[in-house]
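> Produce the complete structure using the sequences and hints provided.
Protein chains in written order, with the working numbering: chain D, 1 to 466; chain P, 467 to 959.
Source of the hints: derived by calculation from the structure; they are not laboratory data. Just so we're clear, the structure is a prediction, and the values are computed from it rather than from any experiment. It is possible that some hints are incorrect.
Derived EDC-like pairs (lysine to aspartate or glutamate); straight-line CA-CA distance at most 20 Å [as the list claims (entries may be wrong)]: (1) K93/D to E144/D; (2) K423/D to E625/P; (3) K154/D to D142/D; (4) K29/D to E96/D; (5) K623/P to E422/D; (6) K146/D to E96/D; (7) K392/D to E655/P; (8) K573/P to E96/D; (9) K576/P to E422/D; (10) K573/P to E422/D; (11) K423/D to E572/P; (12) K354/D to E572/P; (13) K154/D to E144/D; (14) K25/D to E129/D; (15) K630/P to E422/D; (16) K9/D to D61/D; (17) K354/D to E625/P.
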Amino acid sequence: MNDYLILMKSELIITIIIFLLLGIKLSNKLKNDALLLFIQIILLLNLIAGFFFNKDGSLFDGMFHTTALIALQKSILNAGVYLISLLFAGWYKKTEHLSEFFILILSALLGMDLLISSGNFLMFFLSLELATIPIAALTNFDLEKKISSEAAMKMILSSAFSSGILLFGISLIYGATGSINFEALPALLNGSPIQIMAFVFLFTAFAFKLSIVPFHLWTADVYEGAPIAVTSFLSVISKAAIAFVFISTLYKVFLPLEHIWYIMIMGLSVATMILGNLFALRQQNIKRFLAFSSIAQVGFILVGISSNSGAGISSVVYFTIVYMISNLAAFGVAAAISSQTGKEKIDEYKGLYKTNPLLSWILALALFSLAGIPPTAGFFGKLFLLTAGAAKGNYVFILIAALNMIVSLYYYLRVVRSVFIEKNEQPIEKIELLPSVKFALILCAAGIVLVGLLSWIYDYIQILSQ
Amino acid sequence: MNLLLLILIPLFTAVAVLLTRNNQQVKWISLTGASIQLIAAIVLFIAYRAEVAAGNTAQMLFQQQYNWFPSWHISLHLGVDGISVAMILLTAFVVIAGVLVSWNVEKMTKEFYFLLILLSLGAYGFFISLDLFVLFFFLEIAVIPKYLLIGIWGSGKKEYSANKLALMLMGGSALVLVGLMAVYFSMPERTFDLLQLSQLHIPIATQKIFFPLLFVGFGVFTALFPFHTWVPDGHSSAPTAGSMFLAGISMKLGGYGCLRVATYIMPDGAKEYANIIIILSTIAILYGAFATMMQKDLKYINAYSSVSHCGFVLLGIGMLTKVSITGAVMQMVSHGLMTALFFAVIGMIYERTHTRQVDEMGGLLKVMPFTISVLFIVGLCSLGLPGLSGFVAEMTVFMGSWEHTDSFHRIATILACMSIVVTAVYILRAVSKTAMGPIKASYSNLTDATWNEKAAAIILLAGIIAIGVAPSWLTDLIKPAAEIIIQKIVAVK
Numbered sequence: 001m002n003d004y005l006i007l008m009k010s011e012l013i014i015t016i017i018i019f020l021l022l023g024i025k026l027s028n029k030l031k032n033d034a035l036l037l038f039i040q041i042i043l044l045l046n047l048i049a050g051f052f053f054n055k056d057g058s059l060f061d062g063m064f065h066t067t068a069l070i071a072l073q074k075s076i077l078n079a080g081v082y083l084i085s086l087l088f089a090g091w092y093k094k095t096e097h098l099s100e101f102f103i104l105i106l107s108a109l110l111g112m113d114l115l116i117s118s119g120n121f122l123m124f125f126l127s128l129e130l131a132t133i134p135i136a137a138l139t140n141f142d143l144e145k146k147i148s149s150e151a152a153m154k155m156i157l158s159s160a161f162s163s164g165i166l167l168f169g170i171s172l173i174y175g176a177t178g179s180i181n182f183e184a185l186p187a188l189l190n191g192s193p194i195q196i197m198a199f200v201f202l203f204t205a206f207a208f209k210l211s212i213v214p215f216h217l218w219t220a221d222v223y224e225g226a227p228i229a230v231t232s233f234l235s236v237i238s239k240a241a242i243a244f245v246f247i248s249t250l251y252k253v254f255l256p257l258e259h260i261w262y263i264m265i266m267g268l269s270v271a272t273m274i275l276g277n278l279f280a281l282r283q284q285n286i287k288r289f290l291a292f293s294s295i296a297q298v299g300f301i302l303v304g305i306s307s308n309s310g311a312g313i314s315s316v317v318y319f320t321i322v323y324m325i326s327n328l329a330a331f332g333v334a335a336a337i338s339s340q341t342g343k344e345k346i347d348e349y350k351g352l353y354k355t356n357p358l359l360s361w362i363l364a365l366a367l368f369s370l371a372g373i374p375p376t377a378g379f380f381g382k383l384f385l386l387t388a389g390a391a392k393g394n395y396v397f398i399l400i401a402a403l404n405m406i407v408s409l410y411y412y413l414r415v416v417r418s419v420f421i422e423k424n425e426q427p428i429e430k431i432e433l434l435p436s437v438k439f440a441l442i443l444c445a446a447g448i449v450l451v452g453l454l455s456w457i458y459d460y461i462q463i464l465s466q
Numbered sequence: 467m468n469l470l471l472l473i474l475i476p477l478f479t480a481v482a483v484l485l486t487r488n489n490q491q492v493k494w495i496s497l498t499g500a501s502i503q504l505i506a507a508i509v510l511f512i513a514y515r516a517e518v519a520a521g522n523t524a525q526m527l528f529q530q531q532y533n534w535f536p537s538w539h540i541s542l543h544l545g546v547d548g549i550s551v552a553m554i555l556l557t558a559f560v561v562i563a564g565v566l567v568s569w570n571v572e573k574m575t576k577e578f579y580f581l582l583i584l585l586s587l588g589a590y591g592f593f594i595s596l597d598l599f600v601l602f603f604f605l606e607i608a609v610i611p612k613y614l615l616i617g618i619w620g621s622g623k624k625e626y627s628a629n630k631l632a633l634m635l636m637g638g639s640a641l642v643l644v645g646l647m648a649v650y651f652s653m654p655e656r657t658f659d660l661l662q663l664s665q666l667h668i669p670i671a672t673q674k675i676f677f678p679l680l681f682v683g684f685g686v687f688t689a690l691f692p693f694h695t696w697v698p699d700g701h702s703s704a705p706t707a708g709s710m711f712l713a714g715i716s717m718k719l720g721g722y723g724c725l726r727v728a729t730y731i732m733p734d735g736a737k738e739y740a741n742i743i744i745i746l747s748t749i750a751i752l753y754g755a756f757a758t759m760m761q762k763d764l765k766y767i768n769a770y771s772s773v774s775h776c777g778f779v780l781l782g783i784g785m786l787t788k789v790s791i792t793g794a795v796m797q798m799v800s801h802g803l804m805t806a807l808f809f810a811v812i813g814m815i816y817e818r819t820h821t822r823q824v825d826e827m828g829g830l831l832k833v834m835p836f837t838i839s840v841l842f843i844v845g846l847c848s849l850g851l852p853g854l855s856g857f858v859a860e861m862t863v864f865m866g867s868w869e870h871t872d873s874f875h876r877i878a879t880i881l882a883c884m885s886i887v888v889t890a891v892y893i894l895r896a897v898s899k900t901a902m903g904p905i906k907a908s909y910s911n912l913t914d915a916t917w918n919e920k921a922a923a924i925i926l927l928a929g930i931i932a933i934g935v936a937p938s939w940l941t942d943l944i945k946p947a948a949e950i951i952i953q954k955i956v957a958v959k
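Here is the structure:
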């Protein structure tokens with residue numbers, strides 16, 4: 001009995017929080033401000049709880065399993081949700097359905113936790129759906145905006161499509177091997193055509209969720225239409241969760257097919273980096289811009305994944321942390337500006353430094369980190385991904401990735417140029433930051449500077465991933 | 467001597483600048499930081515000489531090592547040899563002069579000084595790192611501040627120049643990065659440590675493929691032809707101190723990298739590609755000189771002449787003799803001091819006349835005797851007058867090059883020598899048009915250099931003359947280090 005409580009600790013805590021919020025909603029006693037504070041505190045407690053009493057083990061005949069690395073991955077997601085609860089306070093205060101919003105977010109998080117822990121394709125599919133459907137509802141959360149409903153529609157259709165493909169892949173796997181158990185599968189995979197076909201279908205479903213080119217077409221529209229808090233959840237936390245499970249599936253379950261997936265990943269990685277970058281170059285809206293830049297970043301994650309080694313896992317997990325704080329900082333600044341002035345165009349950011357130096361520096365730090373410039377954490381994150389990928393000796397691949405970093409630098413610098421260099425008669429006025437937003441932004445900025453320089457963070461992940 | 471101080475002093479200065487609100491205080495803090503750094507560099511120089519005099523023949527002195535990312539075999543491994551000491555001295559000189567000439571920057575003063583200090587931090591860290599990863603880290607730190615310095619405080623088509631510079635330099639570092647990874651993975655025992663790598667022998671096939679990547683990557687920083695195109699734009703658009711740092715320090719990062727990283731750990735590769743390096747650098751020397759002749763803007767004159775002068779650095783490296791490499795390093799120091807001073811003087815003139823076009827000046831010697839005299843001396847140094855650093859450095863390169871007896875090397879040397887004549891033409895023309903002749907009425911009440919500008923000029927002049935008159939204090943430092951590099955080259959024969 002105790003085992004259940006400890007092994008499923010994070011899932012249980014999140015379930016309790018969801019019910020708590022439901023109770024509060026039904027009793028209708030708390031005002032938005034108080035409720036938000038309550039949610040922030042409880043999410044912080046959830047984050048802290050993630051670091052204690054962790055144990056390796058599995059339940060339900062291996063359908064659910066957890067290790068120290070998985071616990072860390074869940075904590076990373078928790079940290080992201082906590083930051084999201086702080087960063088977008090400006091928007092939360094305006095929304096009428098705060099508790100519903102967090103109930104949906106936490107349901108998706110619950111799905112992701114289960115997803116990371118799943119040890120069986122049935123569990124995998126159910127938790128993936130649990131992680132996806134609430135997001136579709138969340139995308140539509142700006143109820144009065146048409147663009148938001150449109151985004152939700154796209155999200156639902158594309159997820160339904162990818163779920164279909166995933167289910168087809170799973171059934172083929174079952175048909176070809178007679179098992180859907182992660183433990184048993186590697187021994188049963190022999191690379192027969194039907195297995196390869198099944199694998200390609202599964203891979204495609206992952207590619208949809210990770211917005212790998214050419215399965216990325218839904219991304220920018222959904223990101224633009226969704227409320228910014230949801231966009232950042234999608235682009236950071238949902239990406240991270242899928243990346244975690246993608247890597248463990250490839251490295252453990254589909255290890256016998258490595259010769260196939262290495263080539264697939266390499267090709268898709270190059271396509272994703274190049275196309276993501278090319279599209280990011282011409283975006284005017286900051287949310288679309290960050291959407292395409294996040295597509296390009298996934299291309300880099302694939303470079304790390306291609307290595308199939310402990311270094312690959314640790315560099316991906318490490319990069320996820322870095323990417324999360326950097327991207328959330330960028331989204332946080334964009335949200336602070338958009339919620340007060342409604343401005344979302346990069347051109348409108350001209351001269352921002354004159355009026356908002358703090359926001360400008362944080363945005364610049366975040367973008368430098370995304371571009372991989374030292375001393376920010378992004379430098380280390382990207383370099384470790386590339387180094388992990390280089391271990392296979394495919395230097396042409398690494399050279400393409402490195403050259404893509406320059407293209408990405410160009411567009412990140414474009415935003416920096418708007419903010420710092422270009423003149424504007426009427427720059428965005430002084431933005432009043434809510435205390436929680438300011439705290440979260442400074443937290444992110446400190447993280448961007450320190451996560452790279454403090455090497456023990458990487459070492460810790462590295463020990464866990466061996 | 468604790469080398470960590472060389473990183474910590476600028477780090478603390480930068481933090482102190484960030485925490486200060488008063489612009490005047492920012493300047494004084496930066497100046498204090500730069501002075502302490504200069505003292506530290508001089509102490510390092512004295513300590514290094516004392517060690518060498520005492521017979522300490524270790525390859526790298528004052529080594530320190532701290533673990534950083536043990537799982538990637540990355541450590542903060544610091545150490546210096548004569549070449550690094552020379553570079554550190556150069557950096558310290560240019561930094562303090564740069565801080566002094568920027569005294570009247572009033573636009574976003576705090577940010578300006580912060581970025582300057584960050585640049586110097588990158589340079590110091592680069593010159594003392596013995597770990598390739600850490601070296602790369604510091605190399606990149608020295609790029610982005612330049613982008614902002616040019617973009618925010620620059621002039622002319624500053625946005626274009628800033629972008630071009632940042633992208634080209636990052637492109638260079640991308641090549642370096644791939645080269646470093648190849649080095650890292652080519653060894654059975656993974657390491658980024660420069661000393662360990664130099665002990666082991668990197669497979670010849672790896673060297674042949676990846677030496678060009680490393681050399682070109684670093685070469686972009688030091689205006690290797692045809693990757694020099696960022697130089698004129700970047701230099702001419704940057705604010706005065708930015709240009710000084712760019713030409714005085716940043717271009718040296720490339721030369722140092724070519725020597726310390728590419729040539730040192732890949733001697734086979736260096737031998738393989740030596741002739742191509744010689745051809746490219748000879749082209750750069752001549753092309754730079756002729757292009758300078760066509761320029762009318764003082765900053766462009768200095769920028770294009772930098773392409774030519776940095777060609778000597780690469781020529782010295784490409785010739786692969788002990789003397790030529792010594793000359794290359796001498797040229798790095800000499801060019802660093804000279805060009806920084808040149809840009810400082812141009813800045814002083816521009817601030818008063820609001821033009822950089824030589825045709826619009828004239829007779830300035832009468833109203834700005836100090837400034838124009840300095841310009842004159844710098845010009846003479848640039849055209850290689852004996853007694854100044856330029857002569858010693860270029861002569862050493864030529865002497866080293868002449869050691870080769872075959873016609874290819876001889877022809878390259880002779881062609882490179884011819885640039886001196888061209889240099890004399892453009893320098894004398896520029897100086898005479900600026901200094902002599904009738905003076906424009908609007909310039910008749912210009913004032914001469916202020917105390918801070920004079921101080922900056924005198925510091926840099928002192929360096930130029932000290933090398934020119936008694937070069938041995940510098941060559942003594944460099945020769946043993948050059949010898950170690952050459953021994954590796956000879957060993958591969």
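> Hint by hint, say whether it matches the structure.
Verification of the supplied hints:
1. K93/D to E144/D: holds, 16 Å
2. K423/D to E625/P: It holds: about 12 Å lies between the C-alpha atoms, which stays within 20 Å.
3. K154/D to D142/D: Given that 20 Å is the threshold and the Cα spacing comes to 15 Å, the pair holds.
4. K29/D to E96/D: holds, 14 Å
5. K623/P to E422/D: holds, 12 Å
6. K146/D to E96/D: holds, 18 Å
7. K392/D to E655/P: Answer holds: K392/D to E655/P is near 15 Å, not above 20 Å.
8. K573/P to E96/D: violated, 45 Å
9. K576/P to E422/D: Distance of about 19 Å is within 20 Å: holds.
10. K573/P to E422/D: holds, 14 Å
11. K423/D to E572/P: Judged against 20 Å, a Cα distance of about 17 Å means the pair holds.
12. K354/D to E572/P: holds, 15 Å
13. K154/D to E144/D: It holds: about 17 Å lies between the C-alpha atoms, which stays within 20 Å.
14. K25/D to E129/D: violated, 25 Å
15. K630/P to E422/D: holds, 16 Å
16. K9/D to D61/D: holds, 18 Å
17. K354/D to E625/P: holds, 18 Å
Of the numbered hints stated above, those contradicted by the structure are hints 8, 14, listed in ascending order.
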